[in-house]
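Asks: So for the sequence shown, the working numbering puts the first residue at 52; every next one is plus one.
Hint data in this document are derived by calculation from the structure and do not stem from the laboratory.
There may be inaccurate statements among the hints.
[Claimed, not checked] With a straight-line cut-off of 27 Å between C-alpha atoms, the simulated DSS-like cross-links for lysine-lysine are:
1) Lys69 - Lys114
2) Lys67 - Lys114
3) Lys57 - Lys69
4) Lys95 - Lys114
5) Lys110 - Lys95
6) Lys110 - Lys57
7) Lys95 - Lys57
8) Lys95 - Lys69
9) Lys67 - Lys110
10) Lys67 - Lys57
11) Lys95 - Lys123
12) Lys114 - Lys57
13) Lys110 - Lys69
14) Lys67 - Lys95
15) Lys69 - Lys123
16) Lys110 - Lys123
17) Lys67 - Lys123
Treat the numbers as computed from the prediction; the structure is a model and nothing was measured.
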Amino acid sequence: RNDKPKDSVVFGATVKVKDLSDGSEEAYELVGPGEEDYDGDVMKILTSSPIATAMLGLKVGDKVEVDIPRGKLRMEIVGIQ
């Protein structure tokens, strides 16, 4: 497993984001079917999910807005591993 920082969001990356609505930070790992887990410190989300799809290819400092069931999620990429 390669733990060097990556320069853009790709499958298998762990992405730290800041929620621009309240300043809170979350970490997501982009995983394949059967590997998702929403209960850990790092949420493992499917690369096909709306949040992951919106983040793919982005770099640290990029901002993105995602439509999710509870409304719009505005976030900034603050770290990629």
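Asks: Next, verify each hint and record whether it holds.
Replies: Here is what the structure says about each hint:
1. Lys69 - Lys114: holds, 9 Å
2. Lys67 - Lys114: holds, 12 Å
3. Lys57 - Lys69: The hint holds at about 18 Å.
4. Lys95 - Lys114: holds, 20 Å
5. Lys110 - Lys95: With Cα atoms ~19 Å apart, Lys110 and Lys95 stay inside 27 Å; holds.
6. Lys110 - Lys57: holds, 9 Å
7. Lys95 - Lys57: holds, 17 Å
8. Lys95 - Lys69: holds, 17 Å
9. Lys67 - Lys110: It holds: about 11 Å lies between the C-alpha atoms, which stays within 27 Å.
10. Lys67 - Lys57: Within the cut-off at roughly 12 Å; holds.
11. Lys95 - Lys123: Holds - the C-alpha atoms of Lys123 and Lys95 are around 20 Å apart, at most 27 Å.
12. Lys114 - Lys57: holds, 17 Å
13. Lys110 - Lys69: It holds: about 13 Å lies between the C-alpha atoms, which stays within 27 Å.
14. Lys67 - Lys95: holds, 12 Å
15. Lys69 - Lys123: Given pair Lys69, Lys123 holds - Cα atoms ~14 Å apart, limit 27 Å.
16. Lys110 - Lys123: The hint holds at about 20 Å.
17. Lys67 - Lys123: Holds: Lys67 and Lys123 sit about 18 Å apart, inside 27 Å.
Hint check: no violations occur; every hint is consistent with the structure.
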